Amino acid sequence: GESVGLHLPTLSVQEGDNSIINCAYSNSASDYFIWYKQESGKGPQFIIDIRSNMDKRQGQRVTVLLNKTVKHLSLQIAATQPGDSAVYFCAAKLPSGTYKYIFGTGTRLKVLA
Amino acid sequence: NAGVTQTPKFRILKIGQSMTLQCTQDMNHNYMYWYRQDPGMGLKLIYYSVGAGITDKGEVPNGYNVSRSTTEDFPLRLELAAPSQTSVYFCASRPSGHNNNSPLHFGNGTRLTVT
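Chains A and B are the protein sequences, given in the same order.
First residue of the first sequence: 1, per our numbering; consecutive thereafter.
First residue of the second sequence: 114, per our numbering; consecutive thereafter.
Just chain A, same shape as in the assembly:
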């Protein structure tokens, strides 16, 4: 079946450094991708999304890169801050149906002071 997986369960970075969180998806028909941030005791919070007809999209301090050839997605956070500490996970949507979002398990980002 379809799957979405992250490469590292935990990532520790120094405050001020850049963070890169990676995600792989299995179904090449996926046409839309989303990154979420989840803080302890809260629901997932939308960060940034990208459609399959794009390779890169930038937001405020965040960039998502999509490599459809190897079915890989990454989230880059610039100048990581303590408030960025959370679990990050990606989701991939299949083009058919109205509900088929496949969620990854998440990478916990720890920001070291």
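It is worth saying that the hints were derived from the structure and are not from the lab.
Heads up, a few of these hints could be off.
[To be verified] Below 30 Å or equal to it, Euclidean Cα-Cα: the simulated DSBU-like pairs (lysine-lysine) are: (1) A/Lys100 <-> A/Lys68; (2) B/Lys122 <-> A/Lys42; (3) A/Lys110 <-> A/Lys71; (4) A/Lys56 <-> A/Lys68; (5) B/Lys157 <-> A/Lys100; (6) A/Lys42 <-> A/Lys56; (7) A/Lys100 <-> A/Lys71; (8) A/Lys42 <-> A/Lys100; (9) A/Lys110 <-> A/Lys42; (10) B/Lys157 <-> B/Lys127; (11) A/Lys68 <-> A/Lys110; (12) A/Lys100 <-> A/Lys56; (13) B/Lys157 <-> B/Lys122; (14) B/Lys122 <-> B/Lys170; (15) A/Lys71 <-> A/Lys56; (16) B/Lys157 <-> A/Lys68; (17) B/Lys127 <-> B/Lys170; (18) B/Lys157 <-> A/Lys71; (19) B/Lys170 <-> A/Lys100; (20) A/Lys42 <-> B/Lys170; (21) B/Lys157 <-> A/Lys110; (22) A/Lys56 <-> A/Lys110; (23) B/Lys122 <-> A/Lys100; (24) B/Lys157 <-> A/Lys56; (25) B/Lys127 <-> A/Lys42; (26) B/Lys170 <-> A/Lys71; (27) A/Lys42 <-> B/Lys157; (28) B/Lys170 <-> B/Lys157; (29) B/Lys122 <-> A/Lys110.
Please read all numbers here as calculations on a predicted model, not as lab measurements.
Fit chain B to the given chain A structure using the hints.
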């Protein structure tokens, strides 16, 4: 806008009891979803709805029921609670259109323990 609101935040049930998890959204979104989140696992879809009066099963619907009488509300019913239903439950919504490419907006979850 309050977004997606879930109640209660926490609940402990005994095996065999029943309860309803409430979810309401004030964004006039047509699509609503119920997910469960277990440790080390990605979100699993329980039920979803594309509009008032329409519901359908997701990946893990057994032991749950839903209804969608209004656009705003999408309650999840647990009948005969079992320990396997111990989890964190998230309700989400999104607008229709956008070629179905729009992010889900999540509530803050209900943490349920069945003992």
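Structure-based check of each hint:
The hinted pair formed by lysine 100 of chain A and lysine 68 of chain A meets the criterion: a straight-line CA distance of about 19 Å does not exceed 30 Å. Distance restraint check for lysine 122 of chain B and lysine 42 of chain A: the Cα-Cα separation of roughly 10 Å lies within the 30 Å cut-off, and the hinted pair is therefore satisfied. Simply put, lysine 110 of chain A and lysine 71 of chain A have alpha-carbon atoms about 26 Å apart, close enough for the 30 Å limit, and the pair holds. Note on lysine 56 of chain A and lysine 68 of chain A: the hinted pairing holds, with a Cα-Cα distance of about 11 Å set against a maximum of 30 Å.
This hinted pair checks out: lysine 157 of chain B and lysine 100 of chain A have alpha carbons roughly 10 Å apart, not beyond 30 Å. Proposed proximity of lysine 42 of chain A and lysine 56 of chain A is supported: the alpha carbons are some 28 Å apart, at most 30 Å. Among the hinted pairs, lysine 100 of chain A with lysine 71 of chain A is consistent with the structure: their alpha-carbon atoms are about 17 Å apart, no more than 30 Å. Our distance criterion of 30 Å between C-alpha atoms is met by lysine 42 of chain A and lysine 100 of chain A, whose separation comes to about 23 Å.
At roughly 17 Å between alpha-carbon atoms, lysine 110 of chain A and lysine 42 of chain A fall within 30 Å of each other, so this suggested pair holds. A C-alpha spacing of about 23 Å is found between lysine 157 of chain B and lysine 127 of chain B, which places the hinted pair at or below 30 Å, so the restraint holds. Restraint check: the Cα-Cα separation between lysine 68 of chain A and lysine 110 of chain A comes to about 28 Å, which is no more than 30 Å; the hinted pair holds. Between lysine 100 of chain A and lysine 56 of chain A the alpha-carbon distance is near 23 Å, which keeps this suggested pair within the 30 Å criterion.
A C-alpha spacing of about 19 Å is found between lysine 157 of chain B and lysine 122 of chain B, which places the hinted pair at or below 30 Å, so the restraint holds. Between lysine 122 of chain B and lysine 170 of chain B the CA atoms are separated by roughly 24 Å; this keeps the pair inside 30 Å, and the hint holds. The straight-line distance between the Cα atoms of lysine 71 of chain A and lysine 56 of chain A is roughly 14 Å, inside the 30 Å bound, and the hint therefore holds. Annotation: proposed proximity of lysine 157 of chain B to lysine 68 of chain A holds, straight-line Cα distance about 24 Å (limit 30 Å).
For the suggested pair lysine 127 of chain B and lysine 170 of chain B, the alpha carbons sit about 25 Å apart, so the restraint of at most 30 Å is met. Distance hint between lysine 157 of chain B and lysine 71 of chain A is fulfilled; the C-alpha atoms sit about 21 Å from each other, no more than 30 Å. For the given pair, lysine 170 of chain B sits about 12 Å from lysine 100 of chain A by alpha-carbon distance, which is consistent with the 30 Å threshold. Annotation: proposed proximity of lysine 42 of chain A to lysine 170 of chain B holds, straight-line Cα distance about 25 Å (limit 30 Å).
The hinted pair formed by lysine 157 of chain B and lysine 110 of chain A meets the criterion: a straight-line CA distance of about 25 Å does not exceed 30 Å. Proximity of lysine 56 of chain A to lysine 110 of chain A is assessed by CA-CA distance (about 25 Å); at most 30 Å being required, the pair is judged to hold. Of the pairs offered as hints, the one joining lysine 122 of chain B and lysine 100 of chain A holds, with about 26 Å between alpha carbons and a cut-off of 30 Å not exceeded. Distance restraint check for lysine 157 of chain B and lysine 56 of chain A: the Cα-Cα separation of roughly 28 Å lies within the 30 Å cut-off, and the hinted pair is therefore satisfied.
Only pairs whose Cα atoms come within 30 Å are accepted, and lysine 127 of chain B paired with lysine 42 of chain A is accepted, the gap being roughly 25 Å. At roughly 28 Å between alpha-carbon atoms, lysine 170 of chain B and lysine 71 of chain A fall within 30 Å of each other, so this suggested pair holds. Only pairs whose Cα atoms come within 30 Å are accepted, and lysine 42 of chain A paired with lysine 157 of chain B is accepted, the gap being roughly 17 Å. Restraint check: the Cα-Cα separation between lysine 170 of chain B and lysine 157 of chain B comes to about 12 Å, which is no more than 30 Å; the hinted pair holds.
Proximity of lysine 122 of chain B to lysine 110 of chain A is assessed by CA-CA distance (about 26 Å); at most 30 Å being required, the pair is judged to hold.
Hint compliance for this structure: no hint is broken.
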